[in-house]
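Asks: With these hints in hand, go ahead and build the complete structure from the sequences.
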Amino acid sequence: MSKRTDKLNGKSEPQPTLLSRRKALGVLSGSVAGVVTARSALAQETTFWDEVFNKGKKEQRAARQTRRAAQKLNDLRQGPVPLRSDEMLERMDRAIAHYQKIVSKGGWPKTKNIRLIRPGDDNEAIPAIRRQLIITGDIPPRGAQYYSGSFNFDDWLVFGVKNFQKRHGLRVSGRLDRPTRAQLAVTPEARLKQLMLNRRRIAALMEGSNQDRYVLVNVPGFQLEAVEQFEVRKRHRVIVGKPDRQTPSIEATIKGLNFFPYWHVPDSVAHLDLIPRLVREPDYLDKERIRAAKGFYGGPEIDTHNVDWRTADARKIKFRQDPGPWNALGLVRINMPNKDIVYMHDTPMKPLFKQRHRAFSAGCVRVENVMDLVSWIAKHEPGLNNPDAINRILDTTDPRDLREKRPKEFDVKLTRPMAVHFSYITAWIEDDGRIEFRPDIYGRDGAAELVGDDDPDAPPPPATLSP
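Numbering (my numbering), first residue to last: 21 to 487.
Be aware that one or more of the hints could be misleading.
[Said to hold, decoys possible] With a Cα cut of at most 27 angstroms, we get these calculated DSS-like pairs of lysine-lysine:
1) Lys359 x Lys428
2) Lys399 x Lys433
3) Lys121 x Lys92
4) Lys425 x Lys374
5) Lys182 x Lys92
6) Lys425 x Lys307
7) Lys336 x Lys359
8) Lys370 x Lys275
9) Lys370 x Lys262
10) Lys433 x Lys359
11) Lys275 x Lys359
12) Lys213 x Lys130
13) Lys370 x Lys336
14) Lys130 x Lys182
15) Lys254 x Lys125
16) Lys213 x Lys125
17) Lys262 x Lys186
18) Lys359 x Lys262
19) Lys92 x Lys275
20) Lys336 x Lys307
21) Lys121 x Lys213
22) Lys370 x Lys254
23) Lys121 x Lys186
24) Lys399 x Lys428
25) Lys374 x Lys92
26) Lys370 x Lys186
27) Lys262 x Lys307
28) Lys399 x Lys314
[Stated by the list, open to error] Have a look at the derived ranges for each label pair, beta carbon to beta carbon:
29) Pro481 x Pro402: 37 to 43 angstroms
30) Thr484 x Gly453: 36 to 42 angstroms
31) Glu144 x Arg454: 27 to 33 angstroms
32) Lys275 x Arg253: 19 to 25 angstroms
33) Glu469 x Asp175: 28 to 34 angstroms
34) Glu429 x Asp328: 38 to 44 angstroms
35) Asp431 x Arg253: 21 to 27 angstroms
36) Ile270 x Gly403: 27 to 33 angstroms
37) Pro302 x Ala468: 41 to 47 angstroms
These are calculated hints, taken from the structure and not from any lab test. None of these values were measured; they are calculated from a predicted model. For glycine and all other residues, C-beta sits at the position ideal for the given N, C-alpha and C.
Replies: So this is what it looks like as structure tokens:
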């Protein structure tokens, strides 16, 4: 690895402390005596078989959680070459030529519908899977010459499966689980078309003038790269829109930064998420520090305790969440005006960045270690060209003082705006020649087989409001 790569992928710069004066969020209290009594009665009625089956389920769940926790998430691209570059186009051309040869020679054996296969198992599908991993280079030549006709899930096959999982953005388990089987079932012809499609997408990103500094978000890759002088300076994990609330592909300009922002809940989120939740949890607004106004966001405040949420109209009631660490936008919003009204921002739900599949938002993009990115964006801005300046804003502000009014200096207009690209790249090539594919999470690649399958061991998405 080059020294430059070491620099890019080494330890990140120290992150700003969020709020030295931040107070723990209040927790609504209530009587628990009834709950305790009910649980005690239920426990007395528990049968022997209930205990056996529940214990088994708990042990399986704990084992899955242990496996996930033991895996180090290493899903960011490496090296200084941006996705949006002539060099990436050249790499794509070489990969396309390689897959054209694979297709011309008959591709790889078609994988039958198979069940979960674990290391050490014997299965009639294994010779075909092994042959496919040899053709794709996931099993190297020194491993290809052994056990070529074996039906056993041996060590070389485990090695190949792990390489395949890493290249496809899957959980690296070494098992032929459901998501891995779905990606193995993709034909070489479909992979060739996927490479050609993404080559056109990258070429389209490069149309227009050269950009000295810009930010590129690759939605299906769940990552962001900050580029300066044609080299990647920073990479960040991101959370993107759910399949039913997709993050769009857009070209926009970053024009400002909003520290300690309000969150103006969009009408769509209010209608689809917030109001239905209020029917079930009338005190949800109080817990989340969300206030309601009549007609417009700055309108007269409504006493929410006297509203029948079953008949409420999101077009007539506007919701706004107070600034602070509890805010759905976190402590900063990156302002990038666009017709789709999406943007990048912080989030209080940082544990979600530890998940491999990160499509949880309502369309906006949440950025891990966002203050590091903000410091890079603002490094030429008067008064903010020093990380300590941002630290001072965060460390000396008590969000309780912002309930009625935010200081005007919290809204920064950039003197040097920069481009931002929200892109949809499901295939690219790394520095070592490794061809990377990602599941087509929004079905934009035109083939159902490229969408893949969900990880049955992955935790369910959070049931919370989000931009």
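Asks: May I ask which of the numbered hints given earlier this structure violates, with the numbers listed in increasing order?
Replies: Hints 3, 4, 13, 15, 19, 28 are the ones this structure does not satisfy, whereas the remaining hints hold.
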